[in-house]
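*Asks:* What follows is each chain in one-letter form.
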Amino acid sequence: MSIPILNASGCLDALAAPDVAHSLDVFVTKTITPLRREGNPPTRIAETDHGMLNSIGLQGPGIDAFAADHLPRLAEIVPQLWVSVGGFSAADFTLCCERLDGDERVAAIELNLSCPNVEEAPETAAQLVAAARSATGTPLYAKLSPAQWDIAEAARAVVDAGADGLSLVNTIRGLALDPVTLRPILARGVGGYSGPALRPIALACVHACASAVDVPIVGMGGVSTGRDALELVAVGASAVAVGTALFSDPGAPGRVRAELAAEAAARGFGTPRDLRGVAQAEKSL
Amino acid sequence: MRRELLQVAGNEIVGPYVLLRLDRGGLEPGVPGQFFMLEAPGRLLPRAFSLCVAPPDELGFLFEPVGPGTRALATLEAGDAIHVTGPLGNGFDLDVERPLLVGGGIGIAPLPYLSERLGGPPALLGFRSAHHAEAASLVPNAEVVLEPTLVTDALPGEPGDVLACGPEPMLDALEALVPGAQLAREAPMACGYGACYGCVVQRNGGYVRLCLEGPVLTATDAHR
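Note that the protein sequences, when read in sequence, are chains A and B. Under numbering that gives the first Met the number 0, the first residue of the first sequence is numbered 0, with each subsequent residue one higher. Under numbering that gives the first Met the number 0, the first residue of the second sequence is numbered 0, with each subsequent residue one higher.
Hint data in this document are derived by calculation from the structure and do not stem from the laboratory. Fair warning: there could be bad hints in the mix.
To be verified - Computed from the model, here is a short list of chain A residues facing chain B with C-beta under 10 Å:
1) 33
2) 35
3) 38
4) 42
5) 51
6) 53
7) 61
8) 120
9) 126
What the hints assert, rightly or not - Label pairs and their computed distance ranges (CB to CB):
10) B:40 / A:189: 25 to 33 Å
11) B:96 / A:189: 34 to 42 Å
12) A:189 / B:204: 20 to 28 Å
13) A:49 / B:74: 15 to 23 Å
14) B:171 / A:147: 23 to 31 Å
15) B:65 / A:250: 28 to 36 Å
16) A:199 / B:4: 24 to 32 Å
17) B:76 / A:187: 37 to 45 Å
18) B:25 / A:121: 48 to 56 Å
19) B:80 / A:102: 40 to 48 Å
Don't be surprised by glycine CBs; every beta carbon is placed ideally from N, CA and C.
Please model the entire structure based on the sequences and the hints provided.
*Replies:* Okay, structure coming up:
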């Protein structure tokens with residue numbers, strides 16, 4: 000068993016690019032909400048010097064249309080399917096999870112507790128996880144925001160509330176200005192910041208959570224090479240997701256997987272999994 | 000979807016624009032109006048360009064160096080190599096009886112290849128200066144207007160089958176004047192293959208991804 004390679008939710012449409020989806024070990028859907036959403040007005044994306052901002056706003060068909068139309072087609076083409084769900088209240092999370100409960104085509108549900116581009120639910124992440132847990136026996140992954148002082152505390156809280164794993168991390172809120180007008184480039188102003196700049200932040204979050212809780216962690220944030228994936232595994236990730244890198248290189252999943260194996264072998268590890276958590280070991284100087 | 004590392008054959012100045020020619024490798028030129036994602040050296044995201052010219056064994060892209068990505072592309076020299084993905088999206092429907100190509104500014108980019116495929120139909124091109132209008136040399140049978148005259152001022156009474164690309168106000172004006180016009184639109188795009196949902200435009204009361212539904216949209220079904 001090696002380190003599974005996933006896509007970060009919202010960074011791939013498996014129906015539009017089935018070949019890319021097929022190159023993953025697990026495909027994670029774009030976040031599904033109870034009702035259809037048109038998403039935020041354009042301009043929705045902006046490149047910055049060290050990353051990019053997006054403000055898509057959870058555009059999607061809603062859980063009923065997803066379950067009836069998208070899910071059967073996705074199940075045909077992806078090796079393993081995780082569904083990302085989101086919403087604006089605990090009841091939204093309950094509803095989406097109830098709808099997917101018991102569906103054998105859904106290997107796990109990722110709870111998007113941290114979308115930076117829509118209004119937040121009033122409940123805490125742990126309360127949202129508890130609401131989802133009450134609705135389904137399907138494995139639940141809690142996707143946390145890196146924008147919190149003590150993410151390990153948040154990790155303990157969501158695991159206590161019933162999360163089976165963690166997805167670390169979501170984008171972090173950022174702003175970019177048009178160089179001429181000095182107005183925000185994105186129509187909604189702020190957006191979620193992703194790409195290479197997020198990588199050290201993701202490493203710190205995975206590092207902190209891996210020593211706080213004993214659940215699988217999907218590490219993500221600025222991964223574009225096998226070396227990047229290796230570092231996430233070294234701090235405790237048991238799987239790695241590729242996000243923004245998919246935009247420039249649809250072949251990134253296969254490339255990252257091969258590079259990760261080579262990087263691990265070059266360091267004397269039989270498989271990448273063998274080096275999971277080595278960065279957690281006490282420093283011996 | 001095909002992505003390859005292509006060698007740069009040359010970079011030419013055309014007025015204020017740059018024509019970047021790449022060895023074609025295994026990529027097909029596709030249908031005029033389709034686009035390619037070009038790696039912009041040193042930048043995170045690739046840039047979307049429609050194909051401008053398709054000489055044998057080459058793909059040529061016309062752009063204006065205005066931002067960090069296009070400026071980086073403009074500095075490429077023969078022998079350099081960049082990753083290119085494409086062709087992507089839906090191009091122009093070439094099954095037209097009386098084609099009239101209409102272009103504005105850097106929006107003329109897809110028209111040379113379109114003209115070639117349609118056998119050199121008449122074209123009407125608008126530019127903001129004589130310097131910009133040097134690019135009209137790429138399009139045969141072109142009538143050129145300069146600001147303050149607009150292409151819509153010079154449009155014949157019976158324009159026929161309009162196939163157009165240009166700035167948004169120009170395309171919006173054509174959309175109102177010429178039902179059925181084929182309009183190649185533009186939007187900021189991170190991926191070019193439906194993954195990022197960044198390039199949406201309004202259509203039929205909702206947002207659709209221009210990279211998948213377009214970039215060529217017909218005036219009658221755009222419903223802006």
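*Asks:* Once the shortest beta carbon distance from residue 42 (chain A) to chain B is found, is it less than 10 Å?
*Replies:* This interface hint holds because 6 Å falls under the 10 Å limit.
*Asks:* Does the Cβ distance between residue 40 (chain B) and residue 189 (chain A) fall inside 25 to 33 Å?
*Replies:* Taking Cβ atoms as reference, residue 40 (chain B) and residue 189 (chain A) lie about 29 Å apart, which means the hint holds.
*Asks:* Does the Cβ-Cβ separation between residue 189 (chain A) and residue 204 (chain B) fall within 20 to 28 Å?
*Replies:* The hinted range 20 to 28 Å holds for residue 189 (chain A) and residue 204 (chain B), with Cβ atoms some 26 Å apart.
*Asks:* A closest beta-carbon separation below 10 Å is what the hint needs, so does residue 33 (chain A) meet it against chain B?
*Replies:* Cβ of residue 33 (chain A) sits 18 Å from chain B, so the hint is violated.
*Asks:* Can the hint on residue 53 (chain A) be confirmed by a CB-to-CB distance to chain B that is less than 10 Å?
*Replies:* Constraint on residue 53 (chain A) satisfied, holds at 6 Å.
*Asks:* I want to verify a distance hint. Is the separation of the beta carbons of residue 76 (chain B) and residue 187 (chain A) within 37 to 45 Å?
*Replies:* Taking Cβ atoms as reference, residue 76 (chain B) and residue 187 (chain A) lie about 40 Å apart, which means the hint holds.
*Asks:* Using the beta carbons of residue 25 (chain B) and residue 121 (chain A), state whether their distance is inside 48 to 56 Å or not.
*Replies:* The hint (48 to 56 Å, Cβ to Cβ) holds, given that residue 25 (chain B) and residue 121 (chain A) are roughly 54 Å apart.
*Asks:* So, residue 126 (chain A) near chain B? Judge it on the closest CB pair being under 10 Å.
*Replies:* Violated, because the Cβ-Cβ distance from residue 126 (chain A) to chain B comes to roughly 29 Å (cut-off 10 Å).
*Asks:* Regarding the hint that residue 35 (chain A) lies at the interface with chain B, is the smallest CB-CB distance below 10 Å?
*Replies:* Given a least distance of 9 Å, the restraint on residue 35 (chain A) holds.
*Asks:* Could you say whether the range 15 to 23 Å given as a hint is met by the Cβ separation of residue 49 (chain A) and residue 74 (chain B)?
*Replies:* Given about 20 Å between the Cβ atoms, the range holds.
*Asks:* Look at the Cβ atoms of residue 199 (chain A) and residue 4 (chain B) and judge whether their distance stays inside 24 to 32 Å.
*Replies:* holds (29 Å)
*Asks:* Does residue 51 (chain A) pass the interface hint, meaning its C-beta sits closer than 10 Å to a C-beta of chain B?
*Replies:* holds (6 Å)
In this structure, the earlier hints numbered 1, 7, 8, 9, 11 and 14 are contradicted, and the remaining ones agree with it.
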